[in-house]
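Q: Sequence:
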Amino acid sequence: DVLARQDGPVLHLTLNRPAQRNPLSVAMVQALREALAAAEAQGSVRVVVLRGAGGHFCAGGDIKDMAVARAQLDTDPKAIERLSAAFGELCVAFAHSPLATVAVLEGTVVGGGFGLACVTDVALAGQSVAFRLPETSLGLP
Numbered sequence: 067d068v069l070a071r072q073d074g075p076v077l078h079l080t081l082n083r084p085a086q087r088n089p090l091s092v093a094m095v096q097a098l099r100e101a102l103a104a105a106e107a108q109g110s111v112r113v114v115v116l117r118g119a120g121g122h123f124c125a126g127g128d129i130k131d132m133a134v135a136r137a138q139l140d141t142d143p144k145a146i147e148r149l150s151a152a153f154g155e156l157c158v159a160f161a162h163s164p165l166a167t168v169a170v171l172e173g174t175v176v177g178g179g180f181g182l183a184c185v186t187d188v189a190l191a192g193q194s195v196a197f198r199l200p201e202t203s204l205g206l207p
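Our numbering puts the last residue of the sequence shown at 207; the count rises by one with no breaks.
Treat the hints as calculated values from the structure; they're not laboratory data.
Please note: incorrect hints may appear among the correct ones.
[Said to hold, decoys possible] Computed cross-link-like contacts, DMTMM-like style, restricted to lysine to aspartate or glutamate with a CA-CA straight-line distance of at most 25 Å:
# : residue 1 : residue 2
1 : 130       : 67
2 : 130       : 73
3 : 130       : 142
Taking the hints into account, I'd like the entire structure generated from these sequences.
A: Here you go:
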């Protein structure tokens with residue numbers, strides 16, 4: 067679900083779930099963290115370019131993963147907290163990376179996708195971008 071391609075000192079990471087507008091699943095969050103850590107350790111990468119496939123950057127968190135976490139609350143009261151923390155750790159990793167990070171934004175940039183774009187060093191937004199924070203319509207900061 068995350069494509070990686072290195073072109074000299076530039077690592078291109080593409081969120082690749084275009085049929086759903088590239089929502090971030092737990093697996094994608096982990097894959098992005100691993101790819102960033104590997105690029106930092108490699109030494110030859112200087113820039114990480116993050117984008118989405120199919121004309122959209124990211125539709126936020128994967129609703130299916132959120133539903134799974136909610137269903138686990140009876141047996142695991144911290145399931146949602148862990149899901150949110152994993153995404154937060156991804157944002158911290160990008161924000162504190164010694165590599166230059168660039169988000170190429172188009173189409174849908176929603177919720178967690180908006181947050182991820184905000185922690186990169188440079189965000190380039192095309193005219194097709196629709197920024198949205200649905201959490202705010204629910205009264206959640």
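Q: Work down the list of hints and note, for each, if the structure agrees.
A: Here's how the hints hold up against the structure:
For the proposed pair residue 130 and residue 67, the alpha carbon gap of about 15 Å is at most 25 Å, so the pair holds. At most 25 Å may separate the alpha-carbon atoms for a hinted pair to count; residue 130 and residue 73 exceed this at roughly 34 Å. Taking the CA atoms of residue 130 and residue 142, the gap is about 17 Å. The hint holds against a cut of 25 Å.
Hint compliance for this structure: hint 2 alone is broken.
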